[in-house]
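Here is what each chain is made of, one letter per residue.
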Amino acid sequence: GAVVSQHPSWVICKSGTSVKIECRSLDFQATTMFWYRQFPKQSLMLMATSNEGSKATYEQGVEKDKFLINHASLTLSTLTVTSAHPEDSSFYICSAPAREAPNTGELFFGEGSRLTVL
Amino acid sequence: ELKVEQNPLFLSMQEGKNYTIYCNYSTTSDRLYWYRQDPGKSLESLFVLLSNGAVKQEGRLMASLDTKARLSTLHITAAVHDLSATYFCAVDPRRTDKLIFGTGTRLQVFP
Numbered sequence: 001g002a003v004v005s006q007h008p009s010w011v012i013c014k015s016g017t018s019v020k021i022e023c024r025s026l027d028f029q030a031t032t033m034f035w036y037r038q039f040p041k042q043s044l045m046l047m048a049t050s051n052e053g054s055k056a057t058y059e060q061g062v063e064k065d066k067f068l069i070n071h072a073s074l075t076l077s078t079l080t081v082t083s084a085h086p087e088d089s090s091f092y093i094c095s096a097p098a099r100e101a102p103n104t105g106e107l108f109f110g111e112g113s114r115l116t117v118l
Numbered sequence: 001e002l003k004v005e006q007n008p009l010f011l012s013m014q015e016g017k018n019y020t021i022y023c024n025y026s027t028t029s030d031r032l033y034w035y036r037q038d039p040g041k042s043l044e045s046l047f048v049l050l051s052n053g054a055v056k057q058e059g060r061l062m063a064s065l066d067t068k069a070r071l072s073t074l075h076i077t078a079a080v081h082d083l084s085a086t087y088f089c090a091v092d093p094r095r096t097d098k099l100i101f102g103t104g105t106r107l108q109v110f111p
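These protein sequences, in sequence, are chains A and B.
Each residue of the first sequence is one higher than the one before, starting from 1 at the first, in the numbering used here.
Each residue of the second sequence is one higher than the one before, starting from 1 at the first, in the numbering used here.
To be clear, the hints were calculated from the coordinates, so they are not data collected in a lab.
Small disclaimer: the values here were computed from a predicted structure and weren't measured.
Every residue gets a Cβ at the ideal spot worked out from N, C-alpha and C, and that includes glycine.
Incorrect hints may appear among the rest.
Calculated cross-link-like contacts (lysine to any residue; reagent style SDA-like; alpha-carbon spacing at most 20 Å) [said to hold, decoys possible]:
id, chain 1, residue 1, chain 2, residue 2
1, B, 98, A, 46
2, B, 41, A, 9
3, A, 41, B, 15
4, B, 98, A, 118
5, B, 41, A, 59
6, B, 98, A, 105
7, A, 41, B, 8
8, A, 66, A, 86
9, A, 14, A, 118
10, B, 41, A, 24
11, B, 98, A, 78
12, B, 41, A, 8
13, B, 98, A, 11
14, A, 41, B, 39
15, A, 41, B, 103
16, B, 3, A, 46
17, B, 68, B, 7
Residues of chain B clear of chain A, computed beta-carbon distances all greater than 12 Å [unchecked claim]:
id, residue
18, 8
19, 12
20, 30
Build the full structure now, drawing on both the sequences and the hints.
See the structure below:
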């Protein structure tokens, strides 16, 4: 079945630095990918939609200059947290819809990337 | 504002017992998803419900969808310890693959 892979699975960085997280679709093409954020003991919140060949679209309240998204190819989206601060510490998860027939409506999630900002 | 609420938020149940988790949402959606999340892990897909009246079963779990009532249920039959996890429902009201997640239900099954 379709697989979505994220890297790194965890990262620790100092406040003020930038961190890049990759999301890859391994055996299918994804023109659209989604980035979610999950704070401890909370639910998942959609941050942005990554679009291959065009700009990402951000949900209300998400700073686009802080969370840079690049959809470099049909199998890769990257999320860069710029000038990270402790309040950005969270679990970041990407998802991608599989479009092969039959379309089951299935959405595939990456393994998640845990960011800790010191 | 679209809201997706789960009830209960926390459930502690004995092995062998049955229970139901409820997922209510505030706007029309004919797509509903159920996921399981273990501590420190990502989401594991359990069910995808795509129409009113849809019912799916896998092992001790059964999910149903009533789009008119804006309600989905996840029924647990004869719970076992391995089912201990957090369960999320999610809706996709505009069929854009953008999910709105419920509050989550943390399930703990004890002997």
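Results of checking the hints against the structure:
1. Restraint check for residue 98 (chain B) and residue 46 (chain A): satisfied, since their Cα atoms lie roughly 7 Å apart, inside the 20 Å limit.
2. Restraint check: the Cα-Cα separation between residue 41 (chain B) and residue 9 (chain A) comes to about 10 Å, which is no more than 20 Å; the hinted pair holds.
3. Between the alpha carbons of residue 41 (chain A) and residue 15 (chain B) the distance comes to roughly 24 Å, so the proposed pair goes past 20 Å and is violated.
4. Pair hint residue 98 (chain B) plus residue 118 (chain A) does not hold up; C-alpha atoms about 31 Å apart against a cutoff of 20 Å.
5. A distance of roughly 24 Å separates the Cα atoms of residue 41 (chain B) and residue 59 (chain A); the hinted pair therefore is violated under the 20 Å criterion.
6. About 12 Å separates the Cα atoms of residue 98 (chain B) and residue 105 (chain A), which keeps this hinted pair within 20 Å; it holds.
7. Taking the CA atoms of residue 41 (chain A) and residue 8 (chain B), the gap is near 15 Å; set against the 20 Å cutoff, the hint holds.
8. Using a Cα cut-off of 20 Å, the hinted pair residue 66 (chain A) and residue 86 (chain A) holds, with the two alpha carbons roughly 14 Å apart.
9. This hinted pair checks out: residue 14 (chain A) and residue 118 (chain A) have alpha carbons roughly 5 Å apart, not beyond 20 Å.
10. Simply put, residue 41 (chain B) and residue 24 (chain A) have alpha-carbon atoms about 17 Å apart, close enough for the 20 Å limit, and the pair holds.
11. For the suggested pair residue 98 (chain B) and residue 78 (chain A), the alpha carbons sit about 18 Å apart, so the restraint of at most 20 Å is met.
12. Taking the CA atoms of residue 41 (chain B) and residue 8 (chain A), the gap is near 13 Å; set against the 20 Å cutoff, the hint holds.
13. Between residue 98 (chain B) and residue 11 (chain A) the CA atoms are separated by roughly 26 Å; this puts the pair beyond 20 Å, and the hint is violated.
14. At most 20 Å may separate the alpha-carbon atoms for a hinted pair to count; residue 41 (chain A) and residue 39 (chain B) meet this at roughly 9 Å.
15. At roughly 10 Å between alpha-carbon atoms, residue 41 (chain A) and residue 103 (chain B) fall within 20 Å of each other, so this suggested pair holds.
16. For the hint linking residue 3 (chain B) to residue 46 (chain A), the alpha-carbon distance of about 14 Å falls within 20 Å, and the restraint holds.
17. Simply put, residue 68 (chain B) and residue 7 (chain B) have alpha-carbon atoms about 18 Å apart, close enough for the 20 Å limit, and the pair holds.
18. Under the 12 Å C-beta cut-off, the non-interface status given to residue 8 (chain B) relative to chain A holds; the minimum distance is some 15 Å.
19. Annotated as non-interface, residue 12 (chain B) keeps its C-beta farther than 12 Å from every C-beta of chain A; the closest such distance is 16 Å.
20. With a minimum CB-CB distance of about 10 Å to chain A, residue 30 (chain B) fails to clear the 12 Å threshold, and the non-interface call is violated.
The structure does not agree with the numbered hints 3, 4, 5, 13 and 20 stated previously, though it agrees with the rest.
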